[in-house]
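Novice: Which chain is which? The protein sequence lines are F and R, in order.
Residue numbers in the first sequence follow the working numbering, run continuously in steps of one, and reach 332 at the last position.
Residue numbers in the second sequence follow the working numbering, run continuously in steps of one, and reach 1332 at the last position.
Since the hints were derived computationally from the structure, they do not count as laboratory data.
Keep in mind it's a predicted model, so treat the numbers as computed, not measured.
Mixed in with the good hints there might be a few duds.
Which chain R residues face chain F? A few, computed with CB under 8 Å, are given here [to be verified]: (1) Pro-1030; (2) His-1054; (3) Leu-1111; (4) Gly-1315; (5) Ala-1323; (6) Leu-1326.
Yeah, the Cβ is synthetic: ideal placement off N, Cα and C, and Gly gets one too.
Protein chains: 2
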Amino acid sequence: MNQHSPTPAVSLDDIRAAADRIAAHSIRTPLLESPRVNGWLGFRLLVKCENLQHTGSFKLRGATNAVMSLPDSVTDVVAYSSGNHAQAVARAASRRGMRAVIVMPEDAPALKIEGTRAYGAEIVTYDRYTESREEIGGNIAAERNAELIRPFEDVRVIAGQGTIGLEIAAQCAELGVAPQHVISCCGGGGLIAGVSLAVTSRMPATKVWAAEPEGFDDTIRSLESGKIVSVDPASRSICDAVVTPSPGETTFAINRTTLAGGFAVSDELVLQVMATAFKHLKLVIEPGGAVALAAALDGRLPSGTDCAVAVASGGNVDPQMFARALVAGPLF
Amino acid sequence: MNQHSPTPAVSLDDIRAAADRIAAHSIRTPLLESPRVNGWLGFRLLVKCENLQHTGSFKLRGATNAVMSLPDSVTDVVAYSSGNHAQAVARAASRRGMRAVIVMPEDAPALKIEGTRAYGAEIVTYDRYTESREEIGGNIAAERNAELIRPFEDVRVIAGQGTIGLEIAAQCAELGVAPQHVISCCGGGGLIAGVSLAVTSRMPATKVWAAEPEGFDDTIRSLESGKIVSVDPASRSICDAVVTPSPGETTFAINRTTLAGGFAVSDELVLQVMATAFKHLKLVIEPGGAVALAAALDGRLPSGTDCAVAVASGGNVDPQMFARALVAGPLF
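Construct all of the structure, not just a fragment, from the sequences and the given hints.
Specialist: Structure, rendered in structure tokens:
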């Protein structure tokens, strides 16, 4: 299987097939809203709660679709991840009785390392700022004859994340609403590539927007310049799940055709939005999982918005970081 | 309407009618689970997430059913509540264009007072330990010719809360599971009266259990002694939503026929369970809303349990109290 094709086609049929493949291993997450948030915003904001997905993030979908697509001859998988893809691959592998080795940065949240181990994976740590996870993961895959499941540059992963878009379209139809906008966070771009493919296929009038942490707005700037650009290597953010240095080739080839644009949000706003979700939605959302909600609550969407959807992509946050959010306090 | 009938009949038809009446004003809350919680427990635990209900608690259901049942001639409603019924009545009244006065203890969580005001109600405070909220509420109702919506001694309220039981039965059927046990918290007993009526009607093999804070185990002791008993007036608990001194006559008349028994849980356990829900379920649950989950996670259910449901009844917790839970830490 060639995962390096420069313009891979992920079709709506691929996403539908992924939905069937992962159905028994994941949940259809709820689409929630708060009357008080809606009143404060002046429009209806629906939150797609992937923080409530098994393993605490959307990553379960793509990892499960990839692992469940493998031939029975595969006995070992390898992945590199700051933690959410890690837990997702570990769980998917355990469901198929495969061994998993996960390469994680040594400063990954403790909760994510513990969760990955709890799902039965072997963990190898590295220094996020000086070592190459791609190289470490590639070497382990070669040594062990294992299948490497990349976090976003993999059409099976993109198709799996796209199932969120199918569910958003179906749940909006059940509610009788047609959202003008869907906002999703963006790290390497796998989530938003899948979501935007599904959403723009099912709801052609809906615009899809990327939300990124300030300093990690590589997809936004790549969209503006028409080619892939990278972030300043000195950039730092608390949004550990989405601090990818540059868009993937595969994901950017999709996103440049499907996205309307993007919004960069500050760490301070993210903390306040986590506190707002605590207060009004009763949801635990991790920093990276809150950036789309942050863009929506910060008024970044075009004026005239009546209804929008924000993807809350994960909830794997250490208590110390959550306590920081509670101290930062809600927006209202 | 006589709300003081000693043995009021709340039928399955009343609960079905309530479900129709509140459908446009409430949500069907999700029934969630965590693979890691299930693995740790050794059985499947489904959590009915009423913390995700509008206004942040199940109380919206009963209050809405009561308010929507009123004749158009009623223009004012009154309620007394530690905060969840308060917000629920305030919101239901605002949806019908009625004025609401809510009598709240002066030590109610700030979040609940703010929420009640945000839904447009006038608030009157009292001292929880020296004044009678029933007397204050009754006087205001008489002065203003307003309808008093009691928090649990009201068949319309009990029927509204019972809609949770209907949903549990339907959602379990969709999952293809038949839970042996359902656990719900119990204050005055309105929630568990409604839930137990619906659950035992729809799933006759399922046992329903009450969970109460230690020191406020009045329903458990009343069930054991066969008559209504009260708690020690010196009792204190952080579970503000369920610290009722004794069961209601109406609710106890139901609960003595429907419940299998009950479990009392400590404040310390409740804090640990709130932290466990934060870590593994990504849910914000308030102390009183966590007592049923606490009983389940503490191994109180009979051995041989394969599947159980716990109602997480509310999520309206101040950040200071939630920070205490994070410090207490999760059970695993």
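Novice: Now tell me, hint by hint, if it's right for this structure.
Specialist: Against the structure, the hints:
1. Pro-1030: holds (5 Å)
2. His-1054: holds (6 Å)
3. Leu-1111: Constraint on Leu-1111(R) satisfied, holds at 7 Å.
4. Gly-1315: holds (3 Å)
5. Ala-1323: holds (6 Å)
6. Leu-1326: With a minimum Cβ separation of about 4 Å from chain F (threshold 8 Å), the hint on Leu-1326(R) holds.
The structure fails none of the hints (numbered hints given earlier).
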